[in-house]
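Put together the whole structure using the sequences plus the hints.
Protein chains: 2
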Amino acid sequence: MNDIEKKSNISGASALSEILKHNLKKVDEEIIYRLNKSTPLIADIGKHLINANGKRLRPLLTLTMATQLNDYSINPIKLAAAVEFIHTATLLHDDVVDESKLRRGEKTAHIIWGNDASVLAGDFLFAQSFQLMVETKSLEALSILAGASCKITEGEFQQIEIANKPDTSRTEYLEVIGKKTAELFGASGQVGAIIANGTIKQQKAAYDYGFNLGLAYQIIDDIMDYSSETNIMGKNIGDDFKLGKTTLPIILAWENSDTREKEFWIRTLQKLEHKELDYENAINILKKYNIIEQCRNIAKTFIDISVGSLDFFPETEFKKPLFDLSYQSLNRKK
Amino acid sequence: MNDIEKKSNISGASALSEILKHNLKKVDEEIIYRLNKSTPLIADIGKHLINANGKRLRPLLTLTMATQLNDYSINPIKLAAAVEFIHTATLLHDDVVDESKLRRGEKTAHIIWGNDASVLAGDFLFAQSFQLMVETKSLEALSILAGASCKITEGEFQQIEIANKPDTSRTEYLEVIGKKTAELFGASGQVGAIIANGTIKQQKAAYDYGFNLGLAYQIIDDIMDYSSETNIMGKNIGDDFKLGKTTLPIILAWENSDTREKEFWIRTLQKLEHKELDYENAINILKKYNIIEQCRNIAKTFIDISVGSLDFFPETEFKKPLFDLSYQSLNRKK
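One line per chain: the protein sequences are A and B, in this order. The opening residue of the first sequence carries number 1 in this note's numbering; numbering runs sequentially from there. The opening residue of the second sequence carries number 335 in this note's numbering; numbering runs sequentially from there.
It is possible that some hints are incorrect.
[Claimed, not checked] EDC-like mimics (lysine to aspartate or glutamate), calculated; alpha carbons at most 16 Å apart, straight line: (1) A:47 <-> A:71; (2) A:137 <-> B:469; (3) B:609 <-> B:595; (4) B:653 <-> B:352; (5) B:634 <-> B:501; (6) B:576 <-> B:432; (7) A:165 <-> A:273; (8) B:579 <-> A:116; (9) B:609 <-> B:627; (10) A:137 <-> B:597; (11) B:471 <-> A:261; (12) B:579 <-> B:432; (13) A:245 <-> B:432; (14) B:471 <-> A:140; (15) B:579 <-> B:607; (16) A:165 <-> A:261; (17) B:653 <-> B:542; (18) A:288 <-> A:239.
Just so you know, the hints here were simulated from the structure itself, not pulled from any lab data.
Right, here's the structure in full:
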């Protein structure tokens, strides 16, 4: 598998987008149609975010799982738009909660339009996502995505609870990112398989593929806040450190650190008493213990599980790009 | 009708609560059960709000409409809990948007737990409400409540847009309060009739009763911010004036005001340049033109429509309390 990974120069996400380009266009049309039906301000905020987010990873999972199981109806399009709305709603609210100033190199919505507009626009997108789901008449898909939405907020809460605690366990961290990130990846795939009347095994495999990809995706995201190459990431590098967020690099660094280094983490991450060159010092400790590589290895174990679930899918043109997407996510730069 | 109204000493809401006390208890149990399944912080915030809100008006509408049409199943209970969750979620987010410090005499959640926790807890309650709806298997009820949720946020946005504009038209104002308040009242009744397999006419009547009651309810709410008796209301009196909110008293006052008075409204509500005794001066202008009475008369026209829709319901023990609830809402003090 590693051989195929290394040889693949084509982006799995791009390949999937190419196969599904007509469907993705319909997803975008559905999104724009719904936004334009609302108030001008909601439409502006929605479009700002939808345009800034070029990847459409979650809708791509929904469309891929449904299409490989031969559902060519409008339903996967509606569910794909719904998962993008849920994702966008959580981004809007996250930025308010985190007080982030940049996302993907763009000013965040709450900086442009204020907290109040961000909160309300998120609520609108969330409500609208349920309207889209209702139109597919699939109570199962509704239940899965309502459940995922609950878990996202639970995960966000638990993330706040573990903040400023560098001695958090790996298990706690994985539970948090499982809920706040991986659940929606999993659910996005799963509802695609459900709407296409996939077998229970296929539904579970679609969930497993997305969920484990999501775990790896978040770990790589957390790495990037401490990686020197990440000025192309389009958010403020070092933000996690400044806020004292407890992410995998910190947890592994803490496990490895000696007493003096632990005192450093307590001062910077727990007490948030920052001095000049603290971030550089943090990076040096991470380098000393090879933390980024350790994190990447953990992410790789999830990617292996993700790829393993592909065995349950039919042999279609989607399989190779899904495989590539998984392994390439380990080396993504943004 | 006015005779009956004047003679009634028993609160319509209390009478409904008494008839439905076992069902309401089950609604509360359902709410507490869902909250306890989440994280401790969500549970605390949820319970703070649910306990502070003694009225349960919206769940009462759902239960009443379903029970008078002979649905004694668990479904109305679940829908009633769902509408209370939606309502509670909007309160949480509203208080963040408005930066309110008090609600019903209690500190607001975002003052106690912070904006981040309020935003996330609202999201959780909202997602949880959809899980409850899914369990009833009624796509129609889901569609109605998802639609109402969209309209609530649209209404909140439009409320921001008309803020600091005392020359707003009555039509614009009614559209705003229709969306932000009355829709959920209407939907709460409607889903009760839907789940009980009421006729289309009964479903519409259940919506009309709630929607028009909701309009009157909001107008009375807006009056209370300018009424001398309102220190029992449990929110900071004069808040609407301080923030320059455009409510019906202001719109009618503007319509009646002479040039000098209009300059006063422009300075205080539009430019938010406040001096000592401005609030008292505002009250005096309202008294001069009998604005509170004018507002109450407009609210009364909606109550008349609300009561008119009762004709479509069967003759049950619920009719008299629903009638009383409507007219009594015109004189409510909190």
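To see whether the hints hold, each was checked on the structure:
1. A:47 <-> A:71: Violated, at roughly 28 Å.
2. A:137 <-> B:469: holds, 14 Å
3. B:609 <-> B:595: The given pair, whose Cα atoms are some 15 Å apart, holds under the 16 Å limit.
4. B:653 <-> B:352: holds, 14 Å
5. B:634 <-> B:501: The given pair, whose Cα atoms are some 23 Å apart, is violated under the 16 Å limit.
6. B:576 <-> B:432: Since the Cα atoms of residue 576 of chain B and residue 432 of chain B sit roughly 11 Å apart, the hinted pair holds (cutoff 16 Å).
7. A:165 <-> A:273: Holds, at about 14 Å.
8. B:579 <-> A:116: Holds: residue 579 of chain B and residue 116 of chain A sit about 15 Å apart, inside 16 Å.
9. B:609 <-> B:627: The given pair, whose Cα atoms are some 27 Å apart, is violated under the 16 Å limit.
10. A:137 <-> B:597: violated, 55 Å
11. B:471 <-> A:261: violated, 55 Å
12. B:579 <-> B:432: Measuring from Cα to Cα gives roughly 10 Å; hence the hint holds.
13. A:245 <-> B:432: Given pair residue 245 of chain A, residue 432 of chain B is violated - Cα atoms ~28 Å apart, limit 16 Å.
14. B:471 <-> A:140: holds, 10 Å
15. B:579 <-> B:607: With a Cα-Cα distance of about 14 Å, the restraint between residue 579 of chain B and residue 607 of chain B holds, given a limit of 16 Å.
16. A:165 <-> A:261: holds, 14 Å
17. B:653 <-> B:542: holds, 15 Å
18. A:288 <-> A:239: Violated, at about 21 Å.
The structure fails hints 1, 5, 9, 10, 11, 13 and 18 (numbered hints given earlier, in ascending order).
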